[in-house]
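Working from the sequences, and respecting the hints, build out all of it.
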Amino acid sequence: MMMMVMLMMMTMMMIMMMMNMIMIVMMMMLMLMNIMMLMLTMMVIMTLMMMMMMLITMMTMMVMMMIRMMMFMIMTMIRMMMIMMMLKLMMMMMLMTKMLIMLMMMVIMIRMMMIMMMMLMLMVMLMMMVVVIMVIMMMIMLM
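Using numbering that gives the first Met the number 0, read the sequence shown as starting at 0 and increasing by one per residue.
These aren't lab readings, by the way, just hints derived from the structure by calculation.
Mixed in with the good hints, there may be bad ones.
[As the list claims (entries may be wrong)] Below 25 Å or equal to it, Euclidean Cα-Cα: the simulated SDA-like pairs (lysine to any residue) are:
| id | residue 1 | residue 2 |
| --- | --- | --- |
| 1 | K87 | M74 |
| 2 | K87 | M63 |
| 3 | K87 | M112 |
| 4 | K87 | I109 |
| 5 | K87 | M108 |
[Said to hold, decoys possible] Derived Cβ-Cβ restraints for the label pairs, each shown as a range:
| id | residue 1 | residue 2 | range |
| --- | --- | --- | --- |
| 6 | L86 | L141 | 55 to 61 Å |
| 7 | M101 | R67 | 29 to 35 Å |
| 8 | I107 | V129 | 40 to 46 Å |
| 9 | I107 | M70 | 17 to 23 Å |
| 10 | I139 | M13 | 54 to 60 Å |
| 11 | L102 | T75 | 18 to 24 Å |
| 12 | M70 | V130 | 23 to 29 Å |
Remember, predicted model here, so these are calculated numbers, not experimental data.
No residue lacks a Cβ here, since even glycine has one placed at the ideal position from N, Cα and C.
Now the structure itself:
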C-alpha cells in the first residue's frame with residue numbers, strides 16, 4: 000500500500016514538474032513574441048521615417064534640378080544670342096563666305112537640337128521622380 004502511495008506521489012510530482020516546465024517554456028515563448036512584436040513595430044516606424052527622409056531628399060533634389068535646368072536654359076539662350084550676334088557681324092563684314100556661314104548655322108542648329116533633347120530627358124526624369132514620390136506617399140497613407 001505504502002509503495003503504491005509513494006509511486007502515486009512520485010508520478011504526481013513528475014507531472015507537476017513537467018507542467019511547470021511547460022509553463023516556463025510558454026512564458027518564455029510569450030516573452031519572445033512580445034520582443035518580436037516590439038521589433039516589428041520599431042522596424043515599421045523606422046521604415047516610415049526613412050520614407051519621409053527619402054521624400055525630403057527627393058524634393059530637395061528636384062528643386063536643385065529645376066534650378067540647374069533654369070540656369071542651363073538661360074546660359075544656352077545667352078550663348079545662342081552671342082553666336083547670332085557674331086554671325087550678324089560676320090554677315091555685315093562679309094569676310095566669311097556664304098558657305099562657312101551656312102556651316103556655322105548648321106552647327107548651331109545641331110547644338111540646339113542636342114540641348115532640346117537634353118531638356119526633354121531632364122523633364123522625363125523629373126516626371127518619373129514625381130511619380131515615384133506620389134507612389135511613396137500613397138504607400139505611406141495606406142500604411
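The hints, checked one at a time:
no.: 1; hint: K87 <-> M74; in the structure: holds, 20 Å
no.: 2; hint: K87 <-> M63; in the structure: violated, 36 Å
no.: 3; hint: K87 <-> M112; in the structure: holds, 21 Å
no.: 4; hint: K87 <-> I109; in the structure: holds, 19 Å
no.: 5; hint: K87 <-> M108; in the structure: holds, 16 Å
no.: 6; hint: L86 <-> L141: 55 to 61 Å; in the structure: holds, 58 Å
no.: 7; hint: M101 <-> R67: 29 to 35 Å; in the structure: holds, 33 Å
no.: 8; hint: I107 <-> V129: 40 to 46 Å; in the structure: violated, 33 Å
no.: 9; hint: I107 <-> M70: 17 to 23 Å; in the structure: holds, 20 Å
no.: 10; hint: I139 <-> M13: 54 to 60 Å; in the structure: holds, 56 Å
no.: 11; hint: L102 <-> T75: 18 to 24 Å; in the structure: holds, 20 Å
no.: 12; hint: M70 <-> V130: 23 to 29 Å; in the structure: holds, 25 Å
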